[in-house]
Amino acid sequence: MNAPLPLTDAPAEAAAQITSLPDDGPAKISARNVSVFYGAKRAIDDVSIDVPNDYVTAFIGPSGCGKSTFLRSLNRMNDTIANARVEGEILIDGQDIYRSGMDVVQLRARVGMVFQKPNPFPKSIYENIAYGPRIHGLTTSKSELDGIVETSLQRAGLWDEVKDRLTDSGTALSGGQQQRLCIARAIAVDPEVILMDEPCSALDPIATARIEELIDELRGRYAIVIVTHSMQQAARVSQRTAFFHMGKIVEYGTTSDIFTNPREERTKDYITGRYG
Amino acid sequence: MSPAILLLLAFGLGLVGWLAARSRAWAFRAKTPDARLHSLPSFHAWYVALWIAVPALVFALVWNAVSPALITAHVLADPAAAALPGFGFEREAMLAQARAVAEGKAFGVFMPEAEGLIAPYRVALARYESIGLIVTILVALAGGAFAFLRLKPDFTARTRVERAVMSLLLIASLVAILTTAGIIISLVFETVRFFGMVSPIDFLFGTHWAPDPMSTGAVDGKQFGAIPLFWGTIYIGAIIAMLVAIPLGLMSAIYLTQYASSTVRKVIKPLLEILAGVPTVVYGYFAALTVAPAVRDFAQGIGISSASTESAVAAGLVMGVMIIPFVSSMADDSIAAVPDALRDGSLAMGATRAETIRKVLVPAALPGIVAGIMLAVSRAIGETMIVVMAAGASANLTANPFQSMTTVTFQIVAMLTGEGSFDHPATLSAFALGMVLFLVTLALNFIALRVVKRYREAYE
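Protein chains in written order, with my numbering: chain A, 1 to 276; chain B, 1001 to 1460.
No lab work stands behind these hints: they were computed from the structure. What you are looking at is a predicted structure, and each value in this text was computed from that prediction instead of being measured. Check each hint, because a few of them may be wrong.
[Stated by the list, open to error] Okay, derived cross-link-like pairs now, DSBU-like style, lysine-lysine, Cα gap no bigger than 35 Å in a straight line: (1) A:Lys41 / B:Lys1269; (2) B:Lys1269 / B:Lys1359; (3) B:Lys1152 / A:Lys163; (4) B:Lys1359 / A:Lys163; (5) A:Lys123 / B:Lys1269; (6) A:Lys142 / B:Lys1359; (7) B:Lys1222 / B:Lys1031.
The shape of chain A in the complex, shown without the other chains:
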């Protein structure tokens, strides 16, 4: 990755909330004073955060706190919602993704996404993976495409299970396999960031454990942001955690700090299960 400008001076930043952690190096994604509106309703209120490149960052918080909304603004998926509006600045490698002239097609090729419910296309396993490389013209030959399909499935830990039935429909796989297929599909276009929106909420514990292992394997290769309802999951897979509440980030820090030594009372209440 090319070295972005370090963001040192965050203007008008409230002293209470830490936006960026000192030893994280240059941020992969920096959000500054981001607010997201659905019509007149403010779902995200003045959020600023630096997401590091080499770690898994977890967004936790009670339902309706805006963590998924914020995640979706990082690859401009909120554009697909008719009355959604984003204010503030979101920089990826120092470039504002909401500037005019920004191409969302290229942005989404760099920032992949995995959804809450596995959503493989009703096509073959092979075609599911080949979808991204085809639309972005990443390959010039069939063998090259075959290679991408194989690598992506291997990285997603699915290759051994499906290599003999690549022509079967992606929707015929089990829920956990479908979700790994979706991760493989996201990996296939070689993104820099992978956003995961509660990727295990529709899966059983065994499939969840498999996905968590996978997230750990993918760390370092991609900047990963995961939204989760499960605090155990956040504690297991992430190194950085941001606690969202009522559209704001209440606290951001290393995962171990947030879970063992939270500075804010509300964070403590949430992680000890007093509410949420």
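Dock chain B against the given chain A, drawing on the hints supplied.
Positioned in the frame of chain A, the structure of chain B alone reads:
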């Protein structure tokens, strides 16, 4: 027995039974205040009322069906009937005349032989009418008494009435099915009669269609080759009309589901559906008066001198416009039924909207779209008014869309409204054509419904 009197009788007795049963049920309750009735008094009341009205009405229906035969038998046993001719049309006419006079519907008879039958008819009518009336009342009373005597505090009237309601609903739903069956049966009889005169092979594979409704003597099967009609029907309804309706319907559905803002959608969708509500005869005017001359002028302009005023392309174009709503609303529904998760998944991969539509949404919605197209085809090939007004009557077997052509539906109309007698093969051919049309549209609808069903299951 007039139906009005019968109904009044059944309802009157039913009402009496209803009131009696209700007061009896109330009496149970009054007698033993601690014991609870199994059913509310009104259920007891309905139970008795149904037992009065239903058997009486059923008997009356049966009696109405069999009593004419009994009356005729009675009259024929009279000595005056000996003067009647043995069989045939005249005999029937005389009986009918005598009967009409006896019933007071006519004032005199034209045939002297019928004169003597009037008196026996009067006697027979009066006798069977009073028998019918008395037995109906007896049946009603017997049913009522049977039901009334069964009433007890713990009698399960509620379950029985509920069951009767269920059968009523079942009968209501059977009416449509039985009507369809009746249509098929009546078509089958006439079709069989037609195929008794013209060989099915001549009909289904012959290429010359020129039935002469006035011809007499031996039937020439070579006149009944229906291939030009089938070709005209398919060419206009399934080819030209679909070339118009599929692209326009699909594109409008894609625009409405994927691009239009909700305000635009709210305006355009109802407007599009208005197209489906325009009477086809109005489309017919439009096709015949506006489109057909324009098509002819255009064809002659580009040097096709054979272009006629009535042309397959004029009828097909207008028919295509007519069925746009069928294609677009089915496509609209099935594209909208594709889960948003798939669309989001594709967009999140960096696919453009057009790529998402082409590679994910339309393939996923394809079964529904195909089903919509099949329904539209079956609608188009059954369409009559537009082709009557714009396509012409000549059975040409040609691929030139600027020539006049004729369709199955047009020929059905032409043959049935023609001058020929009813049992002439030309007239009967209408039923054979109708049978073919019915079977084809039935098959298309059946396939379409199967496809839609499979597709619904895929996402649930």
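Against the structure, the hints come out as follows:
1. A:Lys41 / B:Lys1269: holds, 29 Å
2. B:Lys1269 / B:Lys1359: holds, 25 Å
3. B:Lys1152 / A:Lys163: violated, 74 Å
4. B:Lys1359 / A:Lys163: holds, 24 Å
5. A:Lys123 / B:Lys1269: Status holds; Cα separation ~31 Å.
6. A:Lys142 / B:Lys1359: Holds, at about 19 Å.
7. B:Lys1222 / B:Lys1031: violated, 85 Å
Violation of the numbered hints given earlier is confined to hints 3 and 7; the remaining hints are satisfied by the structure.
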